[in-house]
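Whenever a hint applies, use it, and build me the whole structure from the sequences.
The listed protein sequences derive, respectively, from chains A and B.
Counting in the working numbering, the first sequence runs from 1 upward without gaps.
Counting in the working numbering, the second sequence runs from 1 upward without gaps.
Warning: the hint list may mix true and false statements.
[Said to hold, decoys possible] As a list, the in silico EDC-like pairs of lysine to aspartate or glutamate whose alpha-carbon atoms are at most 20 angstroms apart:
| # | chain 1 | residue 1 | chain 2 | residue 2 |
| --- | --- | --- | --- | --- |
| 1 | A | Lys90 | B | Glu93 |
| 2 | A | Lys56 | B | Asp113 |
| 3 | B | Lys118 | A | Glu53 |
| 4 | A | Lys52 | B | Asp185 |
| 5 | B | Lys118 | A | Glu87 |
Worth flagging that the hints you see were computed from the coordinates, not collected in a lab.
Each chain is listed here by its residues.
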Amino acid sequence: MNKKLGAGPFYHLELYVSGDSFVSQRAVESVQALCEEELEDRYDLTIIDLQKEPEKAVSENIVVVPTLYRRSPEPGRQVIGDLQNRERLKRGLEIT
Amino acid sequence: MEKVTTGIKGLDNILHGGLPKSEATYVIGNAGSGKTMLALQFLYAGASQNENGLMVSFEETQKDLLDDYANMDMDLASMVDSGLLTIDYVFFEENTYTESEHFSLDGLLIRLDYLLNKTGAKRIVLDSFKALFERFGGPVNFRMELSRLIKWLKEKGVTTVITGGESEGTLGVEAYVADCVILLDQRVMGQLSTRRMRVHKYRGTSHETDEFPFILSKAGFVVTPINTSNLDHKALDTRISTGIESLDTMFGGKGFFKGSSILVSGQAGCGKSSMAASFIHEVCSNGQKAMMFQFEESRQQIIRNMSSIGLDLEPFIDQGLLEIHSVRPTNFGLEGHLLNMIHAVDRFEPTAVTLDPITSFWNKDEDYGIKSLMTRIIDHLKSKQITGMFLHLMHGENTFEAEDTLISSLIDTWVALRNRETDASRYRELYIVKSRGMAHDHSIHTFKITDNGFAIDRKDYE
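This is the structure we're talking about:
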């Protein structure tokens, strides 16, 4: 029984972090856990380390980190913060 | 301390050389106060010396910025085309949710680092912190993030200009971290919009501390040059004819000193303008350039009035020797006019300049700023060794008011004119109140203004 399967839109997400700092690692872990537990196979998460791909800071208009981009569902939306609060994270991504 | 030019001559003077090299300057002012203009001129000045610049705009796209400043003398678009100027528009995603306040500006730092490496920029502008602060400024620690950013830029060794608005307050941490803080202000006084600037601090170096008026013109940010020193002007002993033979005679037969400041005072209708026109006519007749600033008459009026006393000024205008500028003191932006005058003088480089009358400004103006600005114009002419004739319109019998000593101290030669009435007739009188450094006549003479100009009667009247 999987009540979430096919029960909602597909989430295309991008998480921008800086290096492998404590804050970055925690943000990655938290978002990965959210995706696995709440979205199952309805998501696609890309993690971008700006220290490795600094040009993306320009092309994707990144100012603060961590930044979590929801590319879809549209309209696009971003969530900023250390991304540790599951409830607020869900509210930010509009996952019901 | 090494300094770099701002691209604004007057501002460089105020800063005693320019902005601190490889350090950060914070420019604070309201919307429309000229912050972006100043910042762009700073980048343009660098680019003009083949020094790459990076404009990080949080408010305008590259296209909007270039469009806004397209009518300026500085050609930003070609600097962008040649790669000397890079504009990075930092767009803030509208649809943003703040999950927590624990985020850092590292994204921006990485972005700037990438762009600085890519462009090789030596000058950077962040315009403005106000936008950044309004977007992310809720958290208490954001101020610390801004100061961390400034410190980081200083470590990178780029010369930085950051603009900010008043909402952050002038004494924020970021202002403390900056080495130089410049305040821009736009205010309305007596229906006149005036712009002022002041260097709030400049760590480790001297600078002017006064408030200075400035304008934003096609040439950019124009701020009055500093009085280097009132006593410092090189006195010339060359003479220049007054254009009136009998008046030359009163100055030892030779006329004024070239490069001196001459005040002609008198009531309305006693011949001040005619004396000025005689002088200008003489200068132009000798093939030299002259400029007249008229505050009460139009260009056509002065040409017509003077031709009626035999002074035809029009040919000189056609020959490019004479410019007559009619300025209405009641117009909006009075200080702008005055600064434009300085600009016009620097462009035209005349031998002689007349201001007719200097007093129409401050009679109705209680602000000391206008007066000190006029003083600066006189001072500016002196420093350029331009002979200046200033007409002082008096309303009564009394001569110069005590408060005008500021002007008086700058005046080398003072000629007083007056109307006299007896039961039988009206006549005019003239005398030299003072004339520094030369032998001159001390008598009171009568004079007439005829079809052939000024005629000073050497004999006493009845």
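Tested hints:
1. A:Lys90 to B:Glu93: The hint holds at about 19 angstroms.
2. A:Lys56 to B:Asp113: holds (12 angstroms)
3. B:Lys118 to A:Glu53: holds (13 angstroms)
4. A:Lys52 to B:Asp185: violated (43 angstroms)
5. B:Lys118 to A:Glu87: Given pair Lys118 (chain B), Glu87 (chain A) is violated - Cα atoms ~40 angstroms apart, limit 20 angstroms.
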